[in-house]
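K.L.:
Numbering (the working numbering), first residue to last: 10 to 294.
The hints are all genuine.
What follows is a list of derived Cβ distance ranges for each label pair:
#	residue 1	residue 2	range
1	P168	K240	50 to 60 Å
2	S60	F87	18 to 28 Å
3	E12	L294	20 to 30 Å
4	K291	S15	21 to 31 Å
5	I61	S203	21 to 31 Å
Calculated lysine-lysine pairs in the DSS-like style (CA-CA distance at most 30 Å, straight line):
#	residue 1	residue 2
6	K288	K240
7	K213	K59
8	K287	K271
9	K85	K185
10	K136	K185
11	K209	K141
12	K89	K141
13	K247	K260
14	K241	K291
15	K81	K141
Simulated from the structure, these hints should not be mistaken for lab results.
Cβ coordinates follow ideal geometry from the N, Cα and C atoms, glycine included.
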Amino acid sequence: MNENLSPQLKKYLDLTDEERIYFIQKDKWINYPAADKISLKIEDIFNAPKSIRSRGMLLYGDSNNGKSAILKRFYKQFSKDEYLDEDGDLVHLMPIVYVISEPSSDESVMFSGILSSMNVPINHKEKVDKKKEEAIYYLNLMKTKLIIIDEIQNVLHGPHNKMAQLITSLKTLNNKTGIPIILAGTHDAMSAISIDNQTKSRFKPYELPLWNNDENFLRFVATMEAMLPLKKASNIYKDYELLSYIHGLSKGCIGEVIDILKDASIYAIRSNSERITKKEIKEIL
Numbered sequence: 010m011n012e013n014l015s016p017q018l019k020k021y022l023d024l025t026d027e028e029r030i031y032f033i034q035k036d037k038w039i040n041y042p043a044a045d046k047i048s049l050k051i052e053d054i055f056n057a058p059k060s061i062r063s064r065g066m067l068l069y070g071d072s073n074n075g076k077s078a079i080l081k082r083f084y085k086q087f088s089k090d091e092y093l094d095e096d097g098d099l100v101h102l103m104p105i106v107y108v109i110s111e112p113s114s115d116e117s118v119m120f121s122g123i124l125s126s127m128n129v130p131i132n133h134k135e136k137v138d139k140k141k142e143e144a145i146y147y148l149n150l151m152k153t154k155l156i157i158i159d160e161i162q163n164v165l166h167g168p169h170n171k172m173a174q175l176i177t178s179l180k181t182l183n184n185k186t187g188i189p190i191i192l193a194g195t196h197d198a199m200s201a202i203s204i205d206n207q208t209k210s211r212f213k214p215y216e217l218p219l220w221n222n223d224e225n226f227l228r229f230v231a232t233m234e235a236m237l238p239l240k241k242a243s244n245i246y247k248d249y250e251l252l253s254y255i256h257g258l259s260k261g262c263i264g265e266v267i268d269i270l271k272d273a274s275i276y277a278i279r280s281n282s283e284r285i286t287k288k289e290i291k292e293i294l
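Generate the whole structure from the sequences, applying the supplied hints.
P.N.:
Shown next as structure tokens:
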């Protein structure tokens with residue numbers, strides 16, 4: 010019996026191998042200090058009253074290190090709002106607009122993405138100024154309180170002057186609506202906001218760092234192990250050599266850690282070993 014498995018998940022041991030594998034492959038959220046700290050900063054920005062120059066942020070860090078997971082979790086928590094109007098009709102609002110940047114520094118492409126995220130029909134032939142007007146109209150209509158633009162490093166695909174113009178347009182959108190904007194991306198995204206000091210202060214940088222092989226890393230791996238329905242305990246948190254091996258393979262990138270543990274768990278089920286050791290991890294590399 011796997012004594013490390015979370016009590017709520019012990020029932021999953023009675024499922025078929027394929028059902029357990031399907032469960033392992035599902036996205037899982039584990040709280041950890043850096044994510045909690047960033048989430049609180051985002052919540053403060055979200056709850057702040059509208060202002061002429063509302064401050065946003067740039068969340069940056071290595072690829073696959075949890076930035077999008079934090080943002081998407083926050084989006085799911087606060088993205089829906091609805092109420093009955095005086096006629097008894099249900100009114101749907103959009104407190105958060107979540108956009109994934111296209112690989113383009115074209116303003117028109119960015120504002121098409123914003124409109125598309127609000128489910129507004131887009132005429133791709135429209136001039137960019139018209140799209141900006143529509144974005145402002147619908148953001149106010151839907152009572153949007155926060156705009157999240159993920160993978161912002163994608164705007165670096167293009168001439169520097171176009172990138173600068175795009176970032177300036179986002180600042181203008183912020184000025185005209187009073188809605189804060191959160192940008193997120195890799196370390197390259199710093200180039201997108203380092204145009205001038207004013208832009209950098211508008212999108213205050215916060216780094217989501219790689220993990221050290223420390224107590225927090227141990228706790229994260231132990232919590233992750235408790236969510237994987239294997240029939241035997243792996244006790245990774247008790248095996249410093251194995252823990253260090255996983256940390257080395259992942260280079261401290263949390264998305265890589267999760268992928269390694271998931272893939273090793275699936276191999277452990279299919280090979281009937283039912284636990285994660287160095288052998289299972291080597292087999293999936």
